[in-house]
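Which chain is which? The protein sequence lines are G and R, in order. Note that the working numbering gives residue 40 to position 40 of the first sequence, counting from 1, and the numbers run on in steps of one. Note that the working numbering gives residue 161 to position 161 of the second sequence, counting from 1, and the numbers run on in steps of one.
Simulated from the structure, these hints should not be mistaken for laboratory data. The structure presented is a predicted model; accordingly, all values stated were derived computationally and were not measured. Do not rely on the hints blindly, as some may be mistaken.
To be verified - Only pairs whose alpha carbons sit at most 35 Å apart, straight line, appear in this in silico DSBU-like list of lysine-lysine:
{"no.": "1", "chain 1": "G", "residue 1": "190", "chain 2": "R", "residue 2": "171"}
{"no.": "2", "chain 1": "G", "residue 1": "87", "chain 2": "G", "residue 2": "190"}
{"no.": "3", "chain 1": "G", "residue 1": "138", "chain 2": "R", "residue 2": "171"}
{"no.": "4", "chain 1": "R", "residue 1": "171", "chain 2": "G", "residue 2": "21"}
{"no.": "5", "chain 1": "G", "residue 1": "115", "chain 2": "R", "residue 2": "233"}
{"no.": "6", "chain 1": "G", "residue 1": "189", "chain 2": "R", "residue 2": "171"}
{"no.": "7", "chain 1": "R", "residue 1": "171", "chain 2": "G", "residue 2": "128"}
{"no.": "8", "chain 1": "G", "residue 1": "237", "chain 2": "G", "residue 2": "189"}
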Amino acid sequence: MAPIVRISNLDKYFGRLHVLKNVSLEVQPREVICLIGRSGSGKSTLLRCINFLEEPSGGSIEVDGLTVHSHERGNEHRQRIHEVRLKTGMVFQEFNLFPHMSVLQNVIEGPVTVKGMERSEAIALGEKNLDSVGMLFKRDEYPLRLSGGQKQRVAIARALTMQPRVMLFDEPTSALDPELIGEVLNVMKKVAKDGMTMIVVTHEMGFAREVADRVLVMAEGEIIEDANPTALFSAPKDPRTQALIERYRTGGR
Amino acid sequence: MDTANSSGQSQADLLVAVQKRKQANFRMGVGATWGILLLILIFLFSGKSIGSYQTIQLNTEFMRNNLAFIGGGLGQTLFVSILSILLAMLLALLTALGRLSTFPPIFALSTFYVSLIRGTPLYLQIFFFFLALPQLGIILSGVLAGVLALGLNYGAYMSETFRAALSSVGKGQREAATALGMTPLQTMRRVILPQALRFAIPPMGNDFISMTKDSALVSATGFVHELMWRAQKVGRAQFNNLEALLMAAMFYWVMTLLLTFLQSRLEAYLAKGDR
Numbered sequence: 001m002a003p004i005v006r007i008s009n010l011d012k013y014f015g016r017l018h019v020l021k022n023v024s025l026e027v028q029p030r031e032v033i034c035l036i037g038r039s040g041s042g043k044s045t046l047l048r049c050i051n052f053l054e055e056p057s058g059g060s061i062e063v064d065g066l067t068v069h070s071h072e073r074g075n076e077h078r079q080r081i082h083e084v085r086l087k088t089g090m091v092f093q094e095f096n097l098f099p100h101m102s103v104l105q106n107v108i109e110g111p112v113t114v115k116g117m118e119r120s121e122a123i124a125l126g127e128k129n130l131d132s133v134g135m136l137f138k139r140d141e142y143p144l145r146l147s148g149g150q151k152q153r154v155a156i157a158r159a160l161t162m163q164p165r166v167m168l169f170d171e172p173t174s175a176l177d178p179e180l181i182g183e184v185l186n187v188m189k190k191v192a193k194d195g196m197t198m199i200v201v202t203h204e205m206g207f208a209r210e211v212a213d214r215v216l217v218m219a220e221g222e223i224i225e226d227a228n229p230t231a232l233f234s235a236p237k238d239p240r241t242q243a244l245i246e247r248y249r250t251g252g253r
Numbered sequence: 001m002d003t004a005n006s007s008g009q010s011q012a013d014l015l016v017a018v019q020k021r022k023q024a025n026f027r028m029g030v031g032a033t034w035g036i037l038l039l040i041l042i043f044l045f046s047g048k049s050i051g052s053y054q055t056i057q058l059n060t061e062f063m064r065n066n067l068a069f070i071g072g073g074l075g076q077t078l079f080v081s082i083l084s085i086l087l088a089m090l091l092a093l094l095t096a097l098g099r100l101s102t103f104p105p106i107f108a109l110s111t112f113y114v115s116l117i118r119g120t121p122l123y124l125q126i127f128f129f130f131l132a133l134p135q136l137g138i139i140l141s142g143v144l145a146g147v148l149a150l151g152l153n154y155g156a157y158m159s160e161t162f163r164a165a166l167s168s169v170g171k172g173q174r175e176a177a178t179a180l181g182m183t184p185l186q187t188m189r190r191v192i193l194p195q196a197l198r199f200a201i202p203p204m205g206n207d208f209i210s211m212t213k214d215s216a217l218v219s220a221t222g223f224v225h226e227l228m229w230r231a232q233k234v235g236r237a238q239f240n241n242l243e244a245l246l247m248a249a250m251f252y253w254v255m256t257l258l259l260t261f262l263q264s265r266l267e268a269y270l271a272k273g274d275r
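Assemble the whole structure, with the sequences as input and the hints as a guide.
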């Protein structure tokens with residue numbers, strides 16, 4: 001099967017800091033990938049390069065057959081980045097819901113404004129996705145009145161309503177109170193079960209163990225380990241991976 | 001357990017009551033002092049004498065006769081102010097957006113405009129439009145010259161308000177919009193601006209209030225018959241400047257009090273909103 005995401009020789013500098021070092025990665029359709037690593041290892045930057053929230057310094061990104069080379073410029077290049085963004089949905093650590101819009105408006109904003117979808121069609125789709133994350137009952141509420149877990153579930157519904165091919169999660173539970181993490185992880189499990197391709201930057205080892213098909217470990221801008229969770233957690237090869245897993249174990253997660 | 005709970009409850013009620021009484025006392029004290037100061041002010045202009053000291057005697061007949069004439073300028077004052085604030089808002093918004101541009105000429109145009117306007121007096125700008133432009137064959141009515149000068153002037157200052165409001169919208173909002181595939185223009189229109197305008201409304205209210213008073217400068221053209229112009233006209237003619245200016249001052253003051261009240265209501269409403 002052809003990979004749905006192919007990252008080739010990706011480099012990223014912030015000023016003189018070399019954050020991603022020649023990273024390559026292939027993700028198959030319906031695969032769930034968890035990216036773990038210490039903070040500063042480059043895992044969020046890698047994720048944000050996939051939908052060009054960060055501009056790669058070198059290499060190329062391919063999503064669903066569409067390739068963008070980092071050295072290209074111009075209108076066609078911008079158009080391809082736009083199309084890659086349409087194929088990817090993103091969920092942020094800080095939710096980033098639009099506070100001036102109701103829950104439903106948040107969810108249909110993308111399809112209506114960006115894709116030009118009929119409002120009625122967008123509402124039907126949005127309501128379906130709000131229902132699947134268990135948030136339809138807050139349809140007309142404003143984000144301010146939601147808990148963190150509820151906000152993140154709405155954010156997932158918002159990303160899903162764009163009907164992406166790949167979902168990117170950037171530490172989706174890190175800003176949540178511990179008792180709210182479960183509801184978000186459950187929604188993510190459901191999205192995975194529905195066959196969505198997912199790339200998840202996370203510190204939730206339980207989630208990685210249970211849901212991921214592959215767990216990638218990043219350190220100093222490189223992928224140092226890439227294995228299925230059973231193998232990785234029971235027999236980590238790299239000493240840095242061992243130290244990381246040990247830290248999580250003692251940290252109680 | 002039950003009694004402990006209810007006594008804890010009454011304890012809390014008591015504390016709240018004390019707090020409320022303190023606040024009420026403070027407000028009453030402030031109100032009473034305002035009243036006294038107001039009475040002293042009125043007394044100072046009452047013409048009554050204490051011993052050998054006489055307070056200021058006003059020509060009340062003049063005041064009665066000219067109340068309607070001076071007050072008739074209120075409409076013109078508000079008219080000029082409203083037109084000017086609308087122009088100022090438009091310019092301020094465009095200028096603030098220009099300051100975000102990465103295209104050098106647009107950025108330069110914005111900063112140049114702000115620098116030029118803030119570097120010269122408003123009084124001069126009003127005269128420039130009214131007196132200097134005719135030399136170039138451009139003749140503006142007093143109202144138009146006033147509105148252009150006030151609008152340009154306040155637009156430059158208010159652009160900073162808009163800039164602050166735009167930058168107060170978090171980076172995450174822009175990223176979320178971008179991730180959804182919005183173009184920079186869509187992001188600005190659908191996500192950033194609606195939130196920024198909300199931040200900008202209270203300070204814009206303040207600017208409007210101070211503009212109603214700066215509009216008095218437009219009287220210098222001699223062709224806008226607002227409060228200040230009318231007060232000067234009748235005051236000078238009959239050498240009753242004291243009475244005329246006092247009356248105009250009262251009109252400005254009452255108008256400002258009303259607008260400030262409306263402004264605080266608007267702020268309370270916005271604070272209660274969905275944010």
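Each hint tested on the structure:
1. A distance of roughly 30 Å separates the Cα atoms of residue 190(G) and residue 171(R); the hinted pair therefore holds under the 35 Å criterion.
2. Of the pairs offered as hints, the one joining residue 87(G) and residue 190(G) holds, with about 20 Å between alpha carbons and a cut-off of 35 Å not exceeded.
3. Straight-line distance between C-alpha atoms of residue 138(G) and residue 171(R) comes to about 26 Å, which keeps the hinted pair within the 35 Å bound.
4. Between residue 171(R) and residue 21(G), the direct Cα distance comes to roughly 26 Å. Compliance with the 35 Å bound is thereby established for this hinted pair.
5. Proximity of residue 115(G) to residue 233(R) is assessed by CA-CA distance (about 63 Å); at most 35 Å being required, the pair is judged violated.
6. With a CA separation close to 29 Å, the supplied pair residue 189(G) and residue 171(R) stays within the 35 Å bound.
7. Restraint check for residue 171(R) and residue 128(G): satisfied, since their Cα atoms lie roughly 29 Å apart, inside the 35 Å limit.
8. At roughly 27 Å between alpha-carbon atoms, residue 237(G) and residue 189(G) fall within 35 Å of each other, so this suggested pair holds.
When each numbered hint is compared with the structure, a violation occurs for hint 5 only.
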